[in-house]
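J.: Here are the chains, one letter per residue:
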Amino acid sequence: MHAPAAPMTLTTQTFLGRLFDNRHFLGLLFMLPAAALLLVFLTYPLGLGTYLGFTDAKVGRPGVWIGIENYEYLFTDSVFRLAVWNTFLYTGIASVVKFGLGLWLALLLNEHIPFKAFVRAIVLLPFIVPTVLSAIAFWWIYDAQFSVISWVLSRMGLIDSYINFLGEPNLARMSVIIANVWRGVPFIAICLLAGLQTISPSLYEAAAIDGATGFQKFWHVTLPMLSPIIAVVMTFSVLFTFTDFQLIWVLTRGGPINSTHLMATLSFQRAIPGGALGEGAAIATAMIPFLLAAILFSYFGLQRRRWQQGTVDR
Amino acid sequence: MASVELRQVRKAFGRIEVVHGVDVAIDDGQFVVLVGPSGCGKSTLLRMVAGLEEITSGEIRIGNRVVNNVPPKARDIAMVFQNYALYPHMSVFDNMAFSMKLAGRSREEMQRHVDKAAAILGLTEYLDRFPRQLSGGQRQRVAMGRAIVRDPQVFLFDEPLSNLDAKLRVQMRTEIKELHQRLKTTSVYVTHDQIEAMTMADKIVVMNAGNVEQIGTPLGLYDNPANLFVAGFIGSPAMNFLPGKLARNGATRLVTLSNGSQLASPGVAEGDGRDVVLGVRPEHITIVDPGGDAGAAAEVVVVEPTGMDTQVFCRLSGTEITVVSRERHAFAPGDTIALQPLSGKTYLFDPESGKRLA
Chain A
0 MHAPAAPMTL TTQTFLGRLF DNRHFLGLLF MLPAAALLLV FLTYPLGLGT
50 YLGFTDAKVG RPGVWIGIEN YEYLFTDSVF RLAVWNTFLY TGIASVVKFG
100 LGLWLALLLN EHIPFKAFVR AIVLLPFIVP TVLSAIAFWW IYDAQFSVIS
150 WVLSRMGLID SYINFLGEPN LARMSVIIAN VWRGVPFIAI CLLAGLQTIS
200 PSLYEAAAID GATGFQKFWH VTLPMLSPII AVVMTFSVLF TFTDFQLIWV
250 LTRGGPINST HLMATLSFQR AIPGGALGEG AAIATAMIPF LLAAILFSYF
300 GLQRRRWQQG TVDR
Chain B
0 MASVELRQVR KAFGRIEVVH GVDVAIDDGQ FVVLVGPSGC GKSTLLRMVA
50 GLEEITSGEI RIGNRVVNNV PPKARDIAMV FQNYALYPHM SVFDNMAFSM
100 KLAGRSREEM QRHVDKAAAI LGLTEYLDRF PRQLSGGQRQ RVAMGRAIVR
150 DPQVFLFDEP LSNLDAKLRV QMRTEIKELH QRLKTTSVYV THDQIEAMTM
200 ADKIVVMNAG NVEQIGTPLG LYDNPANLFV AGFIGSPAMN FLPGKLARNG
250 ATRLVTLSNG SQLASPGVAE GDGRDVVLGV RPEHITIVDP GGDAGAAAEV
300 VVVEPTGMDT QVFCRLSGTE ITVVSRERHA FAPGDTIALQ PLSGKTYLFD
350 PESGKRLA
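Residue numbers (numbering that gives the first Met the number 0), protein chains in the order written: chain A, 0 to 313; chain B, 0 to 357.
In short, the hints are calculated from the structure, not lab data.
Please note: incorrect hints may appear among the correct ones.
[What the hints assert, rightly or not] BS3-like cross-link-like pairs, simulated, lysine-lysine; straight-line CA separation at most 27 Å:
| hint | chain 1 | residue 1 | chain 2 | residue 2 |
| --- | --- | --- | --- | --- |
| 1 | B | Lys354 | B | Lys344 |
| 2 | B | Lys100 | B | Lys115 |
| 3 | B | Lys344 | B | Lys244 |
| 4 | B | Lys100 | B | Lys202 |
| 5 | A | Lys216 | B | Lys244 |
| 6 | A | Lys216 | B | Lys354 |
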C-alpha cells in the first residue's frame with residue numbers, strides 16, 4: 000500500500016572507508032596509544048632491566064654478557080640476603096597490621112556515625128598525600144633531636160633520653176613499618192568499606208534470627224562475602240609494600256647498617272650511586288619471582304567466586 | 000502455646016510515627032495475613048514481631064510472653080524474607096542447617112532435620128547446590144526450609160512471593176497453604192496482594208497508613224467491609240463507587256446520582272439529601288434490557304472478554320465502573336446499556352469519613 004522506495008545505491012566505498020568501518024581495525028587503532036605508552040615506559044625498561052641483570056654494565060660503560068654471574072655473587076652477598084629478609088619482614092608485618100587496622104576502620108565507618116562523609120574523607124588523606132611529603136614529615140617526627148614523640152614522652156616523664164628512632168636497627172625497622180602502615184591503611188579501609196556496603200543487610204537479619212552473635216555474623220557472613228575484595232586489596236597492598244622505595248630512601252637510605260634496606264632500595268643504591276648497573280638490575284629482577292607468586296596466589300582468590308554470581312531471579 | 004498478640008503497638012522513626020496503636024490477636028495455629036498498600040506499615044509491624052525493629056510503645060506477646068526486649072534469636076520465630084536472604088557462599092544444606100550449627104548441634108541431628116524439611120519441600124536433590132544455581136522458586140523453598148528446620152513457634156513471611164513471576168506465585172501460594180495445613184504453625188504473612196490474602200488467610204488484617212482498617216475472615220471482609228478503603232481494596236475487580244445524594248421514595252431508600260438516575264440503596268435511618276457513596280461489586284450488577292423502567296443508563300467504554308466472564312467498563316453518570324457478567328455480550332464501545340445492582344448487595348458509605356453507613 001505504499002510506493003516502493005527508491006532502490007539504495009551501493010556507494011562504492013574506498014579501501015580506507017571500509018577499513019575505518021571495520022571493528023577490529025578500529026579496536027586496534029584505539030589501543031595503539033595505550034599500547035605505545037606501555038611499550039615505551041613499561042616493556043622496554045622491563046626488558047632492558049632484565050637484560051642488564053645478565054651483564055656487568057657499569058654507569059658510563061656498557062657491559063658484556065656474563066650470564067648468571069651477578070646472581071651467583073648476590074646469593075653469597077650478606078647485604079643482599081639481609082635486604083631480602085628485610086623486605087619479607089617489612090612486607091609481612093606491615094601488610095598484616097594494615098589489614099587488621101583497615102578492616103577495623105572499615106567496620107567502624109560502615110556504621111552510622113555522625114559526619115560520616117566527612118570522616119570518610121579525612122580517613123583517605125594519608126593515602127593521597129605524596130609519599131615523599133609524608134616521608135619527610137615522618138623524618139621530622141623520628142628525628143633524634145627534635146622528635147615530637149620523644150618530647151611528649153619525656154614531658155610525661157616516661158623516658159629519660161630522646162629516642163633514636165632511625166639510628167638503631169630494630170627501632171628503625173619499626174619506625175619505617177609504622178610510617179608505611181600510616182600511609183597504607185586508608186587504601187585498604189576504603190576498599191573494604193566499599194565491599195562491606197555490598198553485603199545485603201537482610202543477610203545479617205537472617206543471621207540474627209538464626210541465632211548468630213556479633214562475632215558469628217562477622218565470621219560467617221562478613222568475612223566470606225568480603226573475601227574476593229580482600230584478595231584484590233591485599234594483592235595490591237603486598238605489591239606496593241614489597242616494592243616500596245620512597246619511604247625507606249627518604250627516612251633511612253636503607254640504614255642503619257643496612258637494617259632497613261629493601262630489595263628496591265638496595266638495587267637503586269648499587270646501581271646508581273654505586274655505579275654497578277648490572278648488579279642493581281639483577282637485584283631488581285630478583286624481586287619478580289616473589290611478586291609473581293603473590294599475584295598467582297591472589298589470582299585464585301580473585302577468581303569470581305561461583306556463588307557471587309546469580310542473585311537475579313530467573 | 001504460640002499465639003501472638005499485639006497491644007497498642009506504635010512505631011516512630013524519629014518524629015514520624017508510621018504505626019499508630021495497632022491491636023491484633025493471633026491464635027495458635029492461625030494463618031494471619033497483614034495486607035495493605037505499600038507504605039502502610041505492615042512490614043514494619045512484622046519486623047517488630049521478629050525483633051528486627053524496636054517497638055516505640057506498646058506490647059508484643061509471643062505465646063503469652065512479652066518479647067519487647069527479647070532479641071530475635073530468643074523469640075523462637077523464623078522469618079522468610081522477600082529477597083530470600085540465603086547465604087550465597089553456603090550450600091542449600093548449610094543454609095538450612097546454619098541455625099543448628101550456630102547452636103552447636105551434632106552432625107546427625109542437623110542431617111535429620113534438614114532431610115525432613117527437604118523432603119517436605121522437594122529439595123532433597125538440591126542439598127549440595129548453591130543458591131546461585133537455583134531458580135527463584137527453589138530459592139524461596141530453601142528460605143522456607145531454613146525456617147522449617149528451626150521448628151519455631153511462629154513463622155513470619157515478609158512478602159515472600161513478590162519476587163516471583165505470576166505463574167510461580169500462584170503455584171507457591173498453594174504450596175505455602177498446604178505447608179501450613181500440614182505443619183499447623185502459627186503464621187504471620189505480609190503482602191500487598193489482596194488475592195494472596197484472600198486465598199491463604201484464616202484471618203486478614205487490612206492496614207492503611209499505619210492504622211488497622213479492619214480485621215476479619217476473607218469472606219467476612221469481602222461481604223462486610225467496614226469502610227471505603229477495605230471495600231475498595233478487597234476484591235478484584237474492585238468495588239464500584241458511585242457518589243450521589245440520599246433520597247426517599249415512600250418507604251424505599253434511593254441514591255440519586257449526578258445525572259438524575261436513581262438506584263435502590265440499602266436502608267439507613269436518616270439523612271435525606273446528604274452526600275453518600277453507593278458501593279456495588281462488579282459481579283453484583285446485572286445488565287438489563289434497556290427501555291425498562293429499572294436500571295440506570297451507562298455508556299460502554301471497553302469490553303474485555305476473559306473467556307470465563309465478560310468485563311464491561313462503562314461510564315455511569317460520569318463515573319467509570321466495571322461490570323462483570325457471566326454471559327457473553329457483544330457490546331460495542333459507545334453502546335448504551337442499562338445496569339441494575341442486585342438488591343441487598345449494595346453498600347452505603349459516608350464520603351468524608353469513609354465509614355460504612357449500611
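J.: None of the hints should be skipped; say for each whether it holds.
T.: Here is how each hint holds up against the structure:
Taken as a hint, the lysine 354 of chain B and lysine 344 of chain B pair is honoured in the structure, with Cα atoms around 17 Å apart against an allowance of 27 Å. Our distance criterion of 27 Å between C-alpha atoms is met by lysine 100 of chain B and lysine 115 of chain B, whose separation comes to about 17 Å. A hinted pair counts as satisfied when its Cα atoms are at most 27 Å apart, and lysine 344 of chain B with lysine 244 of chain B qualifies at roughly 18 Å. Taken as a hint, the lysine 100 of chain B and lysine 202 of chain B pair is broken in the structure, with Cα atoms around 35 Å apart against an allowance of 27 Å.
A threshold of 27 Å between alpha carbons decides the hint, and for lysine 216 of chain A with lysine 244 of chain B the separation of about 62 Å lies outside it, so the pair is violated. The hinted pair formed by lysine 216 of chain A and lysine 354 of chain B fails the criterion: a straight-line CA distance of about 49 Å is larger than 27 Å.
Checked against the numbered hints listed earlier, the structure breaks hints 4, 5 and 6; every other hint is satisfied.
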